[in-house]
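K.L.:
In order, the protein sequence lines correspond to chains A and B. So the number in our numbering is just where the residue sits in the first sequence, counting from 1, plus 245. So the number in our numbering is just where the residue sits in the second sequence, counting from 1, plus 245.
Worth double-checking, as some hints may not be accurate.
When chains are identical, the list treats them as one kind, so a pair holds in a single copy or across two.
Derived lysine-lysine pairs resembling DSS-like cross-links, with alpha carbons at most 25 Å apart [what the hints assert, rightly or not]:
id: 1; residue 1: LYS540; residue 2: LYS518
id: 2; residue 1: LYS366; residue 2: LYS279
id: 3; residue 1: LYS333; residue 2: LYS279
id: 4; residue 1: LYS540; residue 2: LYS507
id: 5; residue 1: LYS555; residue 2: LYS540
Calculated from the structure, these hints are not laboratory results. Since this is a predicted model, take the numbers as computed values, not measurements.
Protein chains: 2
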Amino acid sequence: MVPHLTTALTGPLRDLECTFLNAQPVIEHWFRTKWLEHTPPFYASVDLRNSGFKLAPVDTNLFPGGFNNLNPDFLPLCVLAMQSAVEKICPEARGVLLIPENHTRNQFYLQNVAQLVTIIKQAGMRVRVGSLLPEITQATEIALPNGGSLTLEPLVRIGNRLTVEGFDPCVVLLNNDLSAGVPPILQNLEQSVFPPLSAGWYARRKSSHFAAYDRVANEFAALLGIDPWLINPYHAVCHQINFQERVGEECLAAQVDGVLQKMRAKYAEYGVKHDPFIIAKADAGTYGMGIMTVKDASEITGLNRRQRNKMAVIKEGLQVHDVLVQEGVYTFEHINDAVAEPVVYMIDRYVVGGFYRVHTGRGVDENLNAPGMSFEPLAFETCCTLPNPACNPDDMPNRFYAYGVVARLALLAASLELEQTE
Amino acid sequence: MVPHLTTALTGPLRDLECTFLNAQPVIEHWFRTKWLEHTPPFYASVDLRNSGFKLAPVDTNLFPGGFNNLNPDFLPLCVLAMQSAVEKICPEARGVLLIPENHTRNQFYLQNVAQLVTIIKQAGMRVRVGSLLPEITQATEIALPNGGSLTLEPLVRIGNRLTVEGFDPCVVLLNNDLSAGVPPILQNLEQSVFPPLSAGWYARRKSSHFAAYDRVANEFAALLGIDPWLINPYHAVCHQINFQERVGEECLAAQVDGVLQKMRAKYAEYGVKHDPFIIAKADAGTYGMGIMTVKDASEITGLNRRQRNKMAVIKEGLQVHDVLVQEGVYTFEHINDAVAEPVVYMIDRYVVGGFYRVHTGRGVDENLNAPGMSFEPLAFETCCTLPNPACNPDDMPNRFYAYGVVARLALLAASLELEQTE
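So here's chain A without its partners, still in its complex pose (with noise of 0.2 Å):
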């Protein structure tokens, strides 16, 4: 088992959480009538702050990595959940084609495409590993360092059907996000593609996301009568950036002094003590790239050219022109002396399970999926669906609940926004 960690809870989270426990059966009618009328997508994971007086999501990946990270107990639960997907949308499906991201030479993240392949089979289906990388020019075998192996091969595009060779799947699962665009090999596929080529980070839009959490959470705080502040962080967007030419700093500083003193409001109206702090990130992509904290609009106007530098670039080498202002949320969760994030974990309509990610060298006030960082996953130690009312409402059961209530919020999120998309 992990070890239990510690938090610094104060009031109003604990309330939250009380709120969540009295509510779950509300809860749960609500999601249950919300997924009559919206698809939830195959799979996510979503980053949440745990402030002590805010739980928040703060970044929704819809091309999870990380499913390695999860407790190895609830692998049949993730079958499960995985058997209720396909059931639901793909029933006559035999064959999954799998494609990952092309970082070939990351063993953590080839450790989660063999993580997926091991779920998918246990659920009954085949399934192969179609690489888009071109030095993969027949079945290629990689070692892997849990003692395991992944074999990638290379993708055959046969008229509109994509394969592998003697495999030619039902359905083509993506845990690639695309960020360069659709590569043209996967373009107008005859098969189904899951998620949908316009989830990609080519197209998406943080911004685009978090409008849809503003619907959500205010709807969700409506029918637990509760501020959606709690849940939702404060956010706002500047287009037409462009940090090396210094185009758009106004609007950029502009949009930071105005949710921070949206904070600064709420701080005092909460009675929190903590300076508010604003994460300024590229509104395209992802990997922890084109990410800085500010504390002051003044600091955006201020920046050194190795820091305009590093916010103009994200990965694949894509130009940063669009910037979302989110509202910082502390973490206050932490092990021994490092910082944690909770990372939870879906598959279809259902929590599987989750992570705290541990940076030992950052602060409670910084961004800790960044590039080159190693953080420690620490696997949660039970589900995210059984509270338990004879505990403390910060009891680790209880505080799961929690977090798979709010990442879930996220997904619907997530739904809403691929709906626009389609």
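Once you've looked at the hints, dock chain B against the given chain A.
P.N.:
Just chain B, lined up with the frame of chain A:
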């Protein structure tokens, strides 16, 4: 963790398990397509017998007790399966009224009811327990040996709605097998009732179940290219029996002889050295009453008064008129010197766990579910959905996958059986 079981596996079952393991994608695809055409029972448990040369269901319970005997590690699986079941059949439901059996002095059974309450609650539903017992005239809390408690409440019928005080549920969930018929208070309800009233033992016949199982097993065996006998016990049925009046003994003796002859041919074909035996049991009803082991047709005509009285009456004092003659399947699983019989639990279409009925005082050719018999439940160590191709076929995860497959075949047979009663 629970201890490993020892088994005495011989050739054919190992072959059977290998066949199942290799065919997993074919099997799961087949089940998915079947569940598109047929609705699984709300929940079920299936008693299996594993003779080493044969793995077969011998009883399918549509009002399963014993959820308290499952490995607590698999509670999340039960919850997820319950959520999936609710989403499919009654997504709008908020409240469930659970109707248990009337034996309030059976602490094991009450713990099963309490466990069902937990599963339903964790799945996000409100749940109350309404008792058919006339002596429950007010809410009555019963302390349970595990430290928990269960509150039974009197049922209140308001028009065509079944309620308990202050609680008008959307769904009535039966954990009462209706052996004595449908009580008037349950008739013509406007709420949804699961399982349907027609699944009660007042109407259900084991012979109908096994006739449906014949069809399922034959189709499944053809799919896999195996002899259906390896997963299906022979059976026959006699009607208009009256044990006390010695009416129908000739029919019974003839059917016993017929099944024994077919078994002898199969035993010769597979080189099985054991004596074939028959289980004769009441075609309606459960609880291990009205059951006997027979090795020769002459035993039927030679029953003494005590034996005839024992066979004549089942639960609720009902007379036995119809008798199922079922091929006996040896159980060669044992723990130390005790024989063990696996029982697999399902919610909706999902296998959620199982346990072994372990008897020290019974033989390998006897029924292990008998009234007054104490048995030790031994929760399965792993769940039934995670075959591990890296293990030997008779390693635990693979053994349990085979159990889950055969149990689901019986579940599918129950679906066909229920369709015919609607």
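K.L.:
None of the hints should be skipped; say for each whether it holds.
P.N.:
Okay, the hints, checked on the actual structure:
no. : hint               : in the structure
1   : LYS540 with LYS518 : within (14 Å within a copy, 82 Å between copies)
2   : LYS366 with LYS279 : between (29 Å within a copy, 19 Å between copies)
3   : LYS333 with LYS279 : both (16 Å within a copy, 14 Å between copies)
4   : LYS540 with LYS507 : within (13 Å within a copy, 84 Å between copies)
5   : LYS555 with LYS540 : within (18 Å within a copy, 83 Å between copies)
In this structure, none of the earlier numbered hints is contradicted; all agree with it.
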